[in-house]
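Listed here are the chains, written in short residue letters.
Number of protein chains: 2
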Amino acid sequence: MALSNSSLKKLRQIVGKEHCTIEKEELVCYSYDATGKMYLPDAVIFPESSDDISAILKLANKERFFVIPRGAGSGMTGGSLPVQGGIVLVMKRLNRILEIDRDNLIARVQPGVVTGHFHEAVEKESLFYPPDPASSDFSTLGGNLAECAGGPRAVKYGVTRDYVLGLEAVLPTGDIIKTGVKTVKGVVGYDLTRLLVGSEGTLGIITDMTLRLLPLPESVSTITVIFDKMEAAAQTVSEIIRQGIIPRTIEYMDNASIRCTESYLKIGLPVDAGAMLIIEVDGKENETATEIEVLKSLCMHKGARDVKMAETNAERDDLWKARKAISPALYKYAPDKINEDIVVPRSRIPDMVVKIAELRERSGLTMATFGHAGDGNIHFNVMLDKKNRDELQKAEAAVLEVFEYTLELGGTISGEHGIGITKSSYIKKEIGETELFLMKQIKKVFDPNGILNPGKLFPAE
Amino acid sequence: MALSNSSLKKLRQIVGKEHCTIEKEELVCYSYDATGKMYLPDAVIFPESSDDISAILKLANKERFFVIPRGAGSGMTGGSLPVQGGIVLVMKRLNRILEIDRDNLIARVQPGVVTGHFHEAVEKESLFYPPDPASSDFSTLGGNLAECAGGPRAVKYGVTRDYVLGLEAVLPTGDIIKTGVKTVKGVVGYDLTRLLVGSEGTLGIITDMTLRLLPLPESVSTITVIFDKMEAAAQTVSEIIRQGIIPRTIEYMDNASIRCTESYLKIGLPVDAGAMLIIEVDGKENETATEIEVLKSLCMHKGARDVKMAETNAERDDLWKARKAISPALYKYAPDKINEDIVVPRSRIPDMVVKIAELRERSGLTMATFGHAGDGNIHFNVMLDKKNRDELQKAEAAVLEVFEYTLELGGTISGEHGIGITKSSYIKKEIGETELFLMKQIKKVFDPNGILNPGKLFPAE
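So the sequences go chain by chain: A and B. Okay, so the first sequence: first residue is 0 according to numbering that gives the first Met the number 0, each after it adds one. Okay, so the second sequence: first residue is 0 according to numbering that gives the first Met the number 0, each after it adds one.
Calculated from the structure, these hints are not laboratory results. Treat the hints with care, since some could be wrong.
Same chains, same names: a pair is fine if it fits in one copy or spans any two.
Claimed, not checked - Straight line, CA to CA, 25 angstroms or less: simulated DSS-like cross-link-like pairs of lysine-lysine: (1) LYS336 with LYS323; (2) LYS439 with LYS177; (3) LYS265 with LYS439; (4) LYS177 with LYS428; (5) LYS228 with LYS9; (6) LYS320 with LYS177; (7) LYS36 with LYS9; (8) LYS439 with LYS386; (9) LYS443 with LYS123; (10) LYS295 with LYS283; (11) LYS336 with LYS428; (12) LYS439 with LYS295; (13) LYS427 with LYS177; (14) LYS307 with LYS320; (15) LYS36 with LYS331; (16) LYS307 with LYS228; (17) LYS385 with LYS331; (18) LYS393 with LYS8; (19) LYS36 with LYS228.
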């Protein structure tokens, strides 16, 4: 299904010559994502509207070429990569915030808006959009919806799907649909909105979204808690929730993550600590102050070595800079990284910590874990040189063992990164045959000719 | 597709003779719901397990009879009625709370558990399950999930779909599937969980559910606010949200609802008031006290005649008894009721109030409105004698006008009651042709022979 010259000509008629390119140096820019994998597209196209996208998809159905939607290309599982060729459809021109409605606590936004810009815009109006993946400085809302992004605040506020009320989307057939409502309630027909959210760009291309907002919390307080042992940190997380306290974030970094991030940023992280928690609470000023006191004493009681409050915004920003820098910083240890995104019921984090320590010991590989301890979402990273066959084998065996243990503990193999191409060979470990068959049939309903984002999510037959 | 004697025999083999009946007096008990409509089933069956249900559905596919799942039969749109005959499958034997897990804030529950019983059970453990439809004293969790029930607390806490993490369900084909996860995060494959939630028992029969819980708020405070004019009450609701306060409920009753409920319960409601709000806040003791003070002065400032705090639990219970009694109490006005369930963006409630006043004037019919003002969800009731053709015509015209105006204001024609049979002829007003086609195709994927809950949701062809 290579792109014919005549198709290319028609694509250029749809979006204008300057918005469709086949120049090698441009193709390269849209050939990779955060997995480090590269697949060159046949062309890259920059539509301006849902009508453009509709025309492109109609053409793709007629002339049978693949279309791969792309936000910022910050995905962790290859969702935006043209693995079977085709045209990459970049959403960056649909980048307007159409409406922020204070009275009804909603916003209407185009998919190309950068998540961090949207945060700033709503916060200026004293409003709050909780989902905040670590990539929020550059990832786009369209990509966030396609993957159902999570982030640190999910422990209190839930994930992306909990903030999507309605959508406009272009189906693979080129039909433009509207789903959902503008209100919290709405039960007319099947929930197509949440079927599109998290479908990894395989069921339709989102072109307009109505998002739910909250009032901006009056105050946020942040503490870091240092532990000698990872196990004690993990047990503290469970105890916090057991006490009925739901901080807005409970992030953790293990020793490998701390050391590596410190050597990259040099902001004085405790490199000898077994683990560090970053706990953040929000609410009214007096409430957060009280909660922080309760948390401090609870953490000390559970064996913390030190609890430190971020006293200024700059200190707080440094902490989050550190937290967000872990993933890239890890490349210090080795040229390659296998980055997994498991979730276990939070009371089972201590079990998983023990398991990973054992695997580290056994394999001799550097393994760093960090993530969203509050909701049991652990980013498990194995550092290696993929050219070293022995390391690669050991790493893959370790990942498989972690996945199997995750499922044994009642967890899931992907909390927020999706399946894409990197996990599709594992999906059958979690999803049964009948369930997978249903999903494939749904894909066929939406995309009878299989032209949208092929080779993703489903395992190769 | 009448039920054959041989099918009946096989059904009795599956569940045991005592759990399958064709006695007329029993059939009658399962022939109606809260719509007041009646359709006699061919048989009523009481399965004990998902295996029973699987066997029943496999038989239904083979011998082609209809199966209609039923919880407590408290639905408002006919979702559990055997409108084309077939067997009614009553879920009451699957009524166990399997697990309440404090550490992970989840519960595993069977669908036949009464919602109110579940509330009591989790509250005993200092946990909280927010969804609370007015019918919670008798409706079941299975029915709540099938309809995606809402209730008063949705303004702060969202609706049923926001609390469902994972499901076991029996497909119309008899296959048993598992969907979703036990954690807040989880993005493996398409969101079948939320596709089943709100599908009104047309895509599968839920047999086991994993629900998300919250810590029980420390304190709840309730005030009633009396207004001379409905318009002022509606504007007050908008102002509360604009101030960044999200009470857990903002309920309202108009004059007709107040008068009628008072004459039924005799608890001292202000029968001359234009409208009454019931506002409830929850949180830590000192927070709720502060918020109530802010709300009181805001309400007085916006023209309230009186603000009264419920000082005791008994007073609070009386208020909620009144609120929950409105729907049945309205039959005082006339033998029949058309009960609609619209939602408008909350800032547009004042417009809708004006519209309904005008319709009341024009038609001469008694119209009572009450509902969840905080999320724009208005229960619009027209009282009439359906045998009076003139009244019926006027009432139907008024409903149509309200639906059209609802959609004009950016709202939806069903917030929490679903479509069922009573609204299926209106669904095309809200849902486009392509969207409806997708939904029908999804139905076919799940239910190729169309044996599960036929005649619902989709308009007659």
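*Please write out, lowest number first, the hints stated earlier that are contradicted by the structure.*
When the structure is compared with the hints, numbers 3, 5, 6, 7, 8, 9, 12, 18 and 19 turn out to be violated.
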